[in-house]
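Line by line, the protein sequences are chains A and B. Per the working numbering, residue 1 is the first one in the first sequence, and the count goes up by one each step. Per the working numbering, residue 218 is the first one in the second sequence, and the count goes up by one each step.
Hints in this document: simulated from the structure, not taken from any laboratory. A hint or two may mislead.
Restricting the straight-line Cα-Cα distance to at most 25 Å, the calculated cross-link-like pairs of lysine-lysine (BS3-like) are [to be verified]:
(1) K338(B) x K360(B)
(2) K256(B) x K167(A)
(3) K359(B) x K384(B)
(4) K338(B) x K362(B)
(5) K121(A) x K338(B)
(6) K145(A) x K121(A)
(7) K384(B) x K39(A)
(8) K145(A) x K85(A)
(9) K290(B) x K248(B)
All of these numbers come straight from a predicted model, not from anything done at the bench.
Number of protein chains: 2
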Amino acid sequence: MKQESISMMVVRRLPRYYRFLSDMEAMGITKISSGELAKRMNLTASQIRQDLNCFGGFGQQGYGYHIPTLRAKIGEILGIDRPRKAILLGAGNMGRALAGYTAFERKGLYLVGIFDADIRKVGESYGGLTVQHINNLTEFCKKEKPEAAVICVGPWAAQEMCGQLIKLGIRGFVNFSRYDILADHPDVMVQNVHIGDAMLTLSYQMCRAEELPETSQ
Amino acid sequence: MKQESISMMVVRRLPRYYRFLSDMEAMGITKISSGELAKRMNLTASQIRQDLNCFGGFGQQGYGYHIPTLRAKIGEILGIDRPRKAILLGAGNMGRALAGYTAFERKGLYLVGIFDADIRKVGESYGGLTVQHINNLTEFCKKEKPEAAVICVGPWAAQEMCGQLIKLGIRGFVNFSRYDILADHPDVMVQNVHIGDAMLTLSYQMCRAEELPETSQ
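Using the sequences provided together with the hints, build the complete structure.
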């Protein structure tokens, strides 16, 4: 399988397939046609067939997809069956919300430590983990060897932290900060979650929606 | 300006331009060439010129961009100067983290109410707002006329809520739930923030990065 050549556009849809299939499996549905899946996911049947063909195609002509098989296969591709150790940097509001996010391990990551520079947060417990002081980071990483980090600190702290984390063996980041990790470290893997950008994009859409009726006057 | 014809790919980059320009302005930088901006943003100078040309182009040949002007103009396009009233549904971990997100109003939205179905959460205060019971929603919306909603409830509650919210005049959603709003309501505006999808995509990237050295053996 030439999985390395699959476009990021297709890859980004995989978690969505996984969510839909998991929900259907939970409802006891075992079989679905590409047309029906397309309808539920607001895609075209042809797009679904193309997407899934990238990964070897799991459908059978005239039968459709066997949901548990397809879900398991996509889960395997996404690495859900072998979650990686991850640490969380920053026990502020967002960091605490994420630490309480119990579905972590079903997302391919497995939270093993929470760190903060603020001594007042050290010792607090979230999601079954106790917040440690950032000074423990090096020792902890050498012992636990986490592979991924979730960055929930401010942009300046993030810049400082990421350099250190990469030296400690972290190769993947889920980045909630404004800091652009790839600009300084092009060789690591980064998924940015810019909540503010989503709000701004919505704001843009709403402004345009207001303008449209005017332009048609 | 034919802003309605601008591709969502360009639109999605605008918040990022806005962030970079705001940071530079805060550092006292007033002028930048497209080449220098490209370097900082990990884009090409030609892409930057193309993107900004979509909005009328704000650069001057041989001078570059005047940062405060460009930032203000992009902010205006994004609707930052006229934030809209928004309500937050769900005062769980994520909802509370978002309510404490003080930069809300600089993101084109202005939080005016928080609602939850859990009576134990009613009366708690986050980000200067008191959590109200969901039963107050209709009356509140009729009075305050919020235009946008941030959805931080579970997928089943989200499905029920969104239908009600649309009837109450909400046209824009920032959706943190698994529920696919557009599948049922194609006429509203939705920005999805799927944190779990970002984690899964990172997991995928990390799996592939491990496989690549093997395939080159």
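The hints, checked one at a time:
{"no.": "1", "hint": "K338(B) x K360(B)", "verdict": "holds (23 Å)"}
{"no.": "2", "hint": "K256(B) x K167(A)", "verdict": "holds (24 Å)"}
{"no.": "3", "hint": "K359(B) x K384(B)", "verdict": "holds (11 Å)"}
{"no.": "4", "hint": "K338(B) x K362(B)", "verdict": "holds (23 Å)"}
{"no.": "5", "hint": "K121(A) x K338(B)", "verdict": "holds (23 Å)"}
{"no.": "6", "hint": "K145(A) x K121(A)", "verdict": "holds (23 Å)"}
{"no.": "7", "hint": "K384(B) x K39(A)", "verdict": "holds (24 Å)"}
{"no.": "8", "hint": "K145(A) x K85(A)", "verdict": "holds (7 Å)"}
{"no.": "9", "hint": "K290(B) x K248(B)", "verdict": "holds (15 Å)"}
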